[in-house]
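Undergrad: Use these hints to put chain B onto chain A, whose structure you have.
Note that the protein sequences, when read in sequence, are chains A and B.
Each residue of the first sequence is one higher than the last, beginning at 2 in our numbering.
Each residue of the second sequence is one higher than the last, beginning at 708 in our numbering.
No lab work stands behind these hints, which were simulated from the structure alone.
Source: prediction; values computed, not measured.
Where a beta carbon is used, it is the ideal one built from N, C-alpha and C, also for glycine.
Any given hint might turn out to be false.
What the hints assert, rightly or not - Which stretches of chain B does chain A cover? Using the computed rule of at least three CB atoms under 8 Å from a CB of chain A, they are:
1) 937-946
2) 974-983
3) 1015-1028
Stated by the list, open to error - Sample of chain A residues with no beta-carbon within 10 Å of chain B, all distances over it, derived:
4) ARG20
5) ALA31
6) GLY42
7) ALA60
8) ARG72
9) TRP74
10) GLU76
11) SER78
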Amino acid sequence: MTAPLRQVEVDAAEAIIERAEIAAGHDGTAELALAIRYENGVAGHVTIDADTGFSIMRALGAADLNGLIGRSWREVSKGL
Amino acid sequence: MYDLVIKGGRVVDGTGAPAFAADVAVKDGRIAAIGEALGEAKAVVDAGGRVVAPGFIDPHTHFDVQLLWDGAAKPALEHGITAVVPGNCSLSLAPLKAVDRKTLVGMFQQIEEMPPEAFTEAFEWTWEDFAGYRRALEQNLAINVAPLVGHSVIRLWVMGADANQRAARAEEVAAMQDLLRECLKAGAVGLSTSFVDVDEHARPVPSRFADFAELDALAAVLGEFGRMLQIVPEFYDTDITIARIDQLAELSLRHGIPTTFSPVFDSRFAPHAAPRQLARVEEQFERGARVWPQMQTRPIDISFSLLRPSLFFARLPAWMRTLRQPLAERLAALRDPATVERLLTDAGPDGGDALFGSLVARGGDGCPPEFAGETLAEIATRRCETPAQALISLSLEHGLDVAFIAASRGHDATDRIGPMLASPHVHIGASDGGAHISSFATYGDTGYLFSEFVRRSGAMTLEEAVKKITSETAEIWRLKDRGALKQGFAADIVVFDPDSIDRGEEHPVFDMPGDGMRYVRGSIGVDTVVVNGKIAWAKGAYTDAKAGEICGLA
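Next up, chain A with everything else stripped away, as it sits in the complex:
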């Protein structure tokens, strides 16, 4: 996929999704790869399976990957 994703300024107040991308899952499905920036500045990555990825996008009302960027990781955790 080549469509550009928007950039966000990192807010140090809480952990947010800094980047979101489509990843190739080991079972051949498309998965969701998220880069998270925690409030202490540390970056983390997590890959989320398709079903959970859809659940998260639905819970956050995200129409596409751009709708995830800048969102609170705490909010995502609620959607899991």
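TA: Chain B in isolation, oriented as in the chain A frame:
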């Protein structure tokens, strides 16, 4: 007189030593001599211009069921693989009480995508214990097998329906230890467990309910035999995986056992993930632990059809909105001109060429045969459409049952992966042979090792690559007298062309019980495969040889 002599080849003996010109003689299933002018033989294979190497060993497969009706684990054997390790990820076909068969079949269907007929039509399920499964396997083997026993089935045997509900009580753990001991005595090469897998209802498999005390107790039994513990860690999260590496190291040191985990993938999105895991592995090896990360050679593809929602479209809001709808609404939307217009706009001004043009129609489904294997750009040209239009119209014409593949979308950075594969502490494996059968082909990783990482990138020499998938694997798993061309070793031999060995194109076949479909890849450049002294594959065809056996263990 020898049974077989392979003449005129370059011997790459599996130890990493430089190739040398020699003949290889076989007698009574064993390598009898390596040298020149060895004498008469009942059969001769001309290996002029070819490499003669030990048979390759695949340490992570799910051929458990297939081996019961296809003792060659086709097409694994034609790629030069002469030994496979089934029973990974906590699942094996024994020990299992008859009453629990349906439960296990559900788990296998989820993980292997095996049709239900595979369990009801293709073999007679006569056993409950591991020794009985071994006897059933041994009747039909063309390839060698080093079977793991699955933690989930051990739990199921001891705890019944509670196996995927709770932690085990002390007396249950003791019963599991006894059962594991029995399986190891019957030839199991180790224990597999999983912290990730789910059954057909998306419920965690039983092994995921074990606490550390249970795993520790079972590892203690593995320690009595020096056998392997295989795990699937939470590979989607690097930090948790590193914690599992530390846990495996603890078990390895405490009980004196080898351990292995898989898969490890390289990721362009998270480029530090795999190196961090491997760095922790290095630290643990320095402490004396044995924690072998398994890394596959092949890149990962994404496959999908419009029958089910896929995150492949996650950058395209109109496509996401449309394809997330229930099937009836989705079909109606895809037939609605206004919706299609929005989809085409979303796909970009190039008609979706950049997004969809390189997708390949896979075949094996509703796709017309004349389009199978073609890119969407090619199909679009033939149909006078844009790739986005072709994706929609072709899918609609066939009830959305047209699968497409986006090739090499993960674990595909050869320049990064090559050095990792070459590391002395990385175990080449994780092929998943025999699993995911209706999603993608899990065969040909060894051919890809030579074509991509020896010939194209030069990440390792031919001798190093052969060693990684022969003697190194045999030593890690303690397979006795296998993995090298040495006098007295089992005559597992592959003759191949080093300039052309590769994996073939992926294609669908309908050879599963119940006319089930699976994707496979044939081999390229593999001339002859010998298993325990018998030619099992030659001149592009399987023979009738059934010389495979359960691997003896050192």
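Undergrad: Each hint: holds or not?
TA: Quick rundown of the hints versus the structure:
Counting residues of the stretch 937-946 of chain B whose C-beta lies closer than 8 Å to any C-beta of chain A gives 5; at least three are required, and the coverage claim holds. Check on the stretch 974-983 of chain B: 4 of its residues sit with their Cβ under 8 Å from a Cβ of chain A, so the three-residue criterion for coverage holds. Counting residues of the stretch 1015-1028 of chain B whose CB lies closer than 8 Å to any CB of chain A gives 10, so the stated coverage by that chain holds, three being the minimum. For A/ARG20, the condition that its CB be more than 10 Å from all CB atoms of chain B is violated, with the nearest at approximately 8 Å.
Not every Cβ of chain B is farther than 10 Å from the Cβ of A/ALA31; the closest lies at roughly 4 Å, contradicting the non-interface assignment. Remark: the non-interface label on A/GLY42 is consistent with the geometry, its nearest Cβ contact in chain B lying 16 Å away (cut-off 10 Å). Listed as outside the interface, A/ALA60 is consistent with that label: its C-beta sits roughly 13 Å from the nearest C-beta of chain B, beyond the 10 Å cut-off. Look at A/ARG72: its CB is around 14 Å from the nearest CB on chain B, clear of 10 Å, so calling it non-interface holds up.
The Cβ of A/TRP74 sits about 13 Å from the closest Cβ of chain B, beyond the 10 Å cut-off, so the non-interface label holds. For A/GLU76, the shortest C-beta to C-beta distance to chain B comes to about 18 Å, beyond the 10 Å cut-off, and the non-interface label holds. Non-interface status of A/SER78 relative to chain B is upheld: no Cβ of that chain comes within 10 Å, the nearest being about 13 Å off.
Comparing the model with each numbered hint stated earlier shows that hints 4 and 5 do not hold.
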